[in-house]
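Q: These protein sequence lines are chains A, B, C and D, in that order. With our numbering applied, the first sequence has no gaps in its numbers, which climb one by one up to 408 at the end. With our numbering applied, the second sequence has no gaps in its numbers, which climb one by one up to 408 at the end. With our numbering applied, the third sequence has no gaps in its numbers, which climb one by one up to 408 at the end. With our numbering applied, the fourth sequence has no gaps in its numbers, which climb one by one up to 408 at the end.
Note that these hints are calculated values from the structure, not bench results. The beta carbon of each residue, even a glycine, is placed where N, CA and C say it ideally should be. Hints should not be assumed to be uniformly reliable.
Partial list, computed: chain D residues near chain B (C-beta under 7 angstroms) [what the hints assert, rightly or not]:
#1 P70
#2 V368
#3 K373
#4 M401
#5 A405
#6 Q406
Protein chains: 4
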Amino acid sequence: MSYNTFGKLFRYTTWGESHGPAIGCTVDGVPPRIPLCEADIQMYLDQRKPGTSKYTTQRREADAVKILSGVFEGQTTGTPIQLMIENTDQRSKDYGDIAKQFRPGHADMSYIAKYGIRDYRGGGRSSARETASRVAAGAIARKILNDTMNDTRGNTRGNTISVRASMVQMGRTKINTDRFSWDTVSQNPFFCGDPVTADIWASELDAIRKNGSSIGAVIEVVAEGVPAGWGAPIYSKLDTDIAAAMMSINAVKGVEIGAGMNAAILTGEENADQMAPGPNGKPVFQSNNAGGILGGISSGQPIVARFAVKPTSSILTPRRSVNEAGEAVNIITKGRHDPCVGIRAVPVGEAMMAAVLADHMMMHRAQCG
Amino acid sequence: MSYNTFGKLFRYTTWGESHGPAIGCTVDGVPPRIPLCEADIQMYLDQRKPGTSKYTTQRREADAVKILSGVFEGQTTGTPIQLMIENTDQRSKDYGDIAKQFRPGHADMSYIAKYGIRDYRGGGRSSARETASRVAAGAIARKILNDTMNDTRGNTRGNTISVRASMVQMGRTKINTDRFSWDTVSQNPFFCGDPVTADIWASELDAIRKNGSSIGAVIEVVAEGVPAGWGAPIYSKLDTDIAAAMMSINAVKGVEIGAGMNAAILTGEENADQMAPGPNGKPVFQSNNAGGILGGISSGQPIVARFAVKPTSSILTPRRSVNEAGEAVNIITKGRHDPCVGIRAVPVGEAMMAAVLADHMMMHRAQCG
Amino acid sequence: MSYNTFGKLFRYTTWGESHGPAIGCTVDGVPPRIPLCEADIQMYLDQRKPGTSKYTTQRREADAVKILSGVFEGQTTGTPIQLMIENTDQRSKDYGDIAKQFRPGHADMSYIAKYGIRDYRGGGRSSARETASRVAAGAIARKILNDTMNDTRGNTRGNTISVRASMVQMGRTKINTDRFSWDTVSQNPFFCGDPVTADIWASELDAIRKNGSSIGAVIEVVAEGVPAGWGAPIYSKLDTDIAAAMMSINAVKGVEIGAGMNAAILTGEENADQMAPGPNGKPVFQSNNAGGILGGISSGQPIVARFAVKPTSSILTPRRSVNEAGEAVNIITKGRHDPCVGIRAVPVGEAMMAAVLADHMMMHRAQCG
Amino acid sequence: MSYNTFGKLFRYTTWGESHGPAIGCTVDGVPPRIPLCEADIQMYLDQRKPGTSKYTTQRREADAVKILSGVFEGQTTGTPIQLMIENTDQRSKDYGDIAKQFRPGHADMSYIAKYGIRDYRGGGRSSARETASRVAAGAIARKILNDTMNDTRGNTRGNTISVRASMVQMGRTKINTDRFSWDTVSQNPFFCGDPVTADIWASELDAIRKNGSSIGAVIEVVAEGVPAGWGAPIYSKLDTDIAAAMMSINAVKGVEIGAGMNAAILTGEENADQMAPGPNGKPVFQSNNAGGILGGISSGQPIVARFAVKPTSSILTPRRSVNEAGEAVNIITKGRHDPCVGIRAVPVGEAMMAAVLADHMMMHRAQCG
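Required output: the full structure, derived from the provided sequences and hints.
A: Given below as structure tokens:
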């Protein structure tokens with residue numbers, strides 16, 4: 040229900056501004072006795088952190104996470120886990136110029152309309168910096184999923200849930216899925232599964248970066264190993280919660296499940312994923328237009344979601360706007376920014392998918408045992 | 040939090056199956072002393088109800104709504120409003136064939152995976168019939184919005200919020216927005232704002248219907264008159280809740296706000312909606328790629344959302360599938376179905392938008408007075 | 040949580056006014072495949088229904104419950120269960136006199152202060168008639184508890200959870216616990232476990248009834264068989280939710296767990312329930328001042344709660360008050376009322392305890408498997 | 040509602056263990072532009088902090104609060120406020136003896152039953168140390184209430200809401216209400232409004248402390264200035280939420296509103312608070328058995344709640360118990376503890392009342408404008 044809390048049973052609440060002393064989140068509802076240490080979380084934060092290539096903002100943040108509660112002798116206790124990440128490389132003076140101006144495409148104007156006050160330094164609460172907290176919470180969600188399927192306390196059931204994402208489109212350039220491999224995803228700064236496209240993007244983004252411009256992107260998140268039966272009809276549909284999760288990420292303007300917007304052009308014959316008898320009595324699907332979800336409930340197929348990230352509005356080209364006094368101004372945003380924020384949204388999309396799945400695993404266990 | 044409840048402060052809970060005695064919803068949190076009668080709700084239900092043209096299912100339902108509580112002497116009392124719609128034209132025997140079979144693209148298989156039981160008659164709870172309850176709840180949401188802006192108890196403030204939707208694409212055929220008018224939307228059975236496209240759709244859908252096939256569609260919902268400042272950052276973003284609302288509608292596979300998935304191909308210069316000083320001190324925007332929402336908060340521009348509806352999987356062409364025993368079967372779905380369920384999703388999309396806005400109006404008033 | 044919804048995972052939402060066409064509730068989150076029919080619910084409603092003895096209101100209501108959704112072929116389906124009870128014996132004209140007057144001790148004045156409107160007929164939404172919906176929901180909660188412990192689908196685990204309540208004090212007359220037996224509880228119109236006290240109450244209440252007066256009472260609810268480990272620390276404590284559940288019942292002014300208010304006079308030595316090793320490795324407690332709950336979590340001991348019900352303010356003695364115009368008036372409430380509403384609160388207290396336990400069973404299963 | 044979150048719109052989430060690096064809370068939903076600094080919170084923390092007299096635990100904690108987010112240039116921004124209090128005087132070795140033993144009356148046994156793990160140092164999450172976070176959140180709630188009634192941004196409306204508590208009973212010794220004054224409450228270490236009783240308590244508690252024993256208490260919380268109309272019927276009753284709030288405090292076993300458990304002995308004539316016409320058209324009540332709440336909604340009278348705090352089970356007298364292996368043990372708890380934890384519960388009770396009222400103020404504003 041709340042403004043800064045995500046999830047029903049696996050719930051996390053984030054806090055903190057881009058240029059305050061720290062950001063963080065409280066992760067509540069975590070099952071007990073799951074092994075957890077800071078390194079388990081840090082590895083995902085390192086994927087999202089700024090300054091790792093010339094294609095992301097040059098702000099330097101270690102994004103070092105501290106666990107302040109909820110873990111005892113290396114295991115979760117079932118009580119709330121507080122994660123804190125200190126801010127170290129704020130350059131707030133970069134933002135003095137825009138303290139009273141509304142940057143086009145930013146939340147400056149709408150925050151003032153709502154609250155009558157805003158922490159303008161680095162975007163304050165509306166900064167993408169908040170997504171570090173999501174990635175941290177998502178790392179714990181992964182531990183829960185892994186523990187559920189595989190019992191990290193001893194018994195191995197041989198099942199795993201993997202949650203992976205990649206960038207599949209930057210500007211007008213889409214990957215060729217025939218060349219896609221997950222191995223390739225980790226081998227370039229774009230989380231791109233197609234090596235040829237990765238090279239194209241590199242030169243395209245170089246040009247955009249040098250122009251002080253920016254560009255949009257599409258991210259695809261895939262969860263494999265999710266058993267059939269998670270989710271719920273009507274208002275707690277798995278796809279409903281995924282849509283909310285992805286749309287809540289900064290700069291996201293569209294969310295798709297399976298065939299997505301393209302479902303509009305399909306006929307019933309094309310769209311319906313046919314089934315055949317499979318091993319273990321489970322049906323084998325012939326296609327996955329449903330994106331692994333039928334009637335809001337997982338079908339056992341891979342869950343596939345995509346989301347579009349708009350280009351950041353922090354660009355060097357002057358844009359016409361107004362200031363708080365209602366006067367016309369021209370704005371150039373000079374701070375350190377991402378030419379394609381979609382890149383750093385990849386680990387965030389994974390984290391949100393993991394959070395939704397951990398929540399629904401618990402919701403399912405609650406109702407259906 | 041719950042499976043069958045939508046909303047935070049304006050909350051409705053739906054119940055009922057396609058072939059049970061009735062369906063309905065409980066609408067909670069409604070402000071007091073708003074004039075309300077059954078006719079206020081019925082006019083919207085009549086837009087969604089089946090059997091009104093040859094392009095929708097031939098099931099005949101009056102969809103007559105009864106108010107069982109929460110209204111006294113023609114006004115809301117602030118207590119829960121129970122709305123009930125009796126089912127009258129169930130033909131459950133049509134469904135006997137599929138009692139033990141999983142229709143491809145349907146929730147049959149996933150419901151059994153989750154619950155081990157399902158009411159197979161007409162899809163039971165997974166039927167689009169549930170959306171009648173949404174339309175009924177949405178009619179009350181509209182009354183709240185209207186009352187807020189305009190005070191239906193006497194004072195007229197001269198402001199209104201309109202929530203309107205239309206079908207903008209069927210299959211591969213999109214409308215020409217240059218020919219669009221809201222007047223046209225009410226003059227054809229497709230809620231189509233472009234008269235030329237409406238004629239094309241008529242012939243295309245005739246062919247699809249005669250083939251026993253079906254086709255997808257895209258619906259666009261536009262809310263005008265929403266003041267700047269509604270919504271909230273991070274996890275109660277206006278766009279997050281709209282995404283969840285639309286994705287929760289049966290058969291929806293994608294949701295877009297403003298530029299939507301197309302935001303991926305825009306540059307920062309193209310995407311950022313420039314502002315100029317306007318009358319009343321409010322900025323005038325030069326474009327609306329943001330879809331009226333910045334940082335999760337309304338900007339004062341029209342709020343624009345789109346969603347894609349997949350074609351129904353209830354088609355006459357045999358499809359390969361499995362039954363509950365895990366055996367291969369061929370399935371033809373013989374019941375009465377919609378060749379383009381997108382048509383009847385138009386009033387549902389409007390209702391969901393109205394519900395989100397009424398909820399956020401109250402959330403905003405709670406925090407910001 | 041919403042105005043008219045109780046519970047987190049086992050959630051029910053009630054609706055309806057005392058003199059409207061019907062009342063009812065939607066019960067959401069129920070596990071699937073639990074056998075359920077109307078008779079399972081009716082047996083508890085019959086314990087609460089009015090007109091069964093001269094000690095309760097003479098309003099005659101069959102309180103016949105109808106299941107409108109969520110049950111298929113005799114089993115729950117996991118979808119929302121709608122329960123409806125039609126009102127049949129409204130005498131709204133009895134209430135014409137008080138339409139514009141505020142009865143002392145009633146919600147008349149506060150409803151007008153909040154909403155500016157009220158359905159004055161029979162108290163409208165504030166009537167104890169709403170508690171019939173609680174009893175109906177509680178009957179389903181019992182089925183869930185029983186199914187959890189004992190698997191009503193076949194396997195018998197030999198464990199049961201019993202939830203029982205009795206009236207332990209009426210006015211100044213308390214039962215003698217040495218004479219208490221649960222068998223006696225069902226053998227008198229007071230749900231009194233002490234036959235001697237039951238006779239005393241009979242004559243005391245006769246006098247009160249003839250005087251047109253009313254009297255308060257204390258109810259004790261005991262849940263046996265609850266395993267250790269249900270509940271949660273801090274804000275979802277089992278005792279927190281029981282306190283909320285009981286205090287939400289009409290006319291309740293105090294709630295106690297275990298030693299209750301009396302804990303104030305105990306020393307640490309007296310209060311701490313000592314433990315000794317017991318069979319099955321479970322500790323055996325030497326006393327139960329904790330009321331079966333330690334740190335918000337069940338200990339395996341019986342859970343014991345008590346609540347005080349104030350006397351109804353609907354009495355024949357004239358009381359000074361004001362009307363909506365702010366003028367002084369004398370009020371006599373002539374409708375049909377309960378001389379001791381505590382009596383009919385007994386099955387309501389049981390129902391609320393069952394609802395809390397079913398909710399916490401699912402919450403526990405969600406987090407701890 | 041979640042395990043570690045309190046409230047609907049004014050929501051705070053607490054985290055941290057007694058002997059971890061820090062504790063704290065995230066306060067969400069705070070209205071914007073309310074002046075707030077650390078000193079505003081510290082003054083209430085200082086009332087609760089340990090080691091201020093010989094009658095409370097000798098643990099020395101500065102309980103210095105830091106605001107990490109949500110405040111900008113001295114004003115709230117409407118975004119989440121993170122409050123952190125570092126732990127400085129843990130003596131975890133004091134607790135080594137009880138690492139594997141279940142202290143009677145403590146949550147040791149039930150935590151293990153639930154989670155299979157517990158942070159035994161100082162009670163971990165079950166420590167009363169968590170209540171410091173409540174007091175901090177309550178300080179912000181007071182600011183909201185004050186701002187609402189009086190507009191701290193400039194306009195003075197001349198109304199205030201005061202939330203005050205005092206200890207009214209320790210062991211068997213109750214205060215004499217004829218001698219009560221709020222001035223006296225701040226002049227002794229017991230928050231006692233009756234100077235004669237304060238002296239008696241001093242000598243009684245000295246003896247208890249020297250014996251290594253402990254004693255229970257009753258706290259009364261009074262909120263004055265609350266306008267009529269806050270609260271809501273049925274499951275969001277003001278008294279329901281107060282009951283939950285107070286019962287969620289460590290060691291509380293009973294909660295009363297107005298006449299409380301004593302309502303059981305009243306007749307309808309005695310109980311119903313008569314009204315007479317008052318100035319401003321508001322009724323004047325002749326008594327306050329209702330404790331300021333009718334039908335779950337405030338009546339304009341002072342809101343009066345009481346709660347009983349059990350004696351701490353950390354005593355020097357050996358008690359029989361069991362250990363994790365199920366063996367019989369004798370336990371003496373040697374750490375630093377409060378002979379009457381009720382004393383430090385006084386500011387906690389105030390904080391919880393303030394939190395409930397701030398929440399309901401916003402809930403009321405949301406629905407009724």
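Q: Identify whether the interface hint at K373 (chain D) stands, where standing means a beta carbon of chain B within less than 7 angstroms of its own.
A: Violated - the Cβ of K373 (chain D) stays beyond 7 angstroms from chain B, reaching only about 43 angstroms at its closest.
Q: Interface hint check: P70 (chain D), Cβ to nearest Cβ on chain B, cutoff 7 angstroms. Holds or violated?
A: holds, 5 angstroms
Q: Minimum Cβ distance from Q406 (chain D) to chain B below 7 angstroms?
A: holds, 5 angstroms
Q: Tell me if the interface restraint on V368 (chain D) is satisfied: Cβ within less than 7 angstroms of some Cβ in chain B.
A: Violated: closest Cβ of chain B sits about 42 angstroms from V368 (chain D), beyond 7 angstroms.
Q: Would the hint on M401 (chain D) be counted as holding, given a Cβ-Cβ threshold of 7 angstroms to chain B?
A: Holds: closest Cβ of chain B sits about 4 angstroms from M401 (chain D), inside 7 angstroms.
Q: Mind checking the CB of A405 (chain D) against every CB in chain B and telling me if the closest is under 7 angstroms?
A: holds, 4 angstroms
In this structure, the earlier hints numbered 2, 3 are contradicted, and the remaining ones agree with it.
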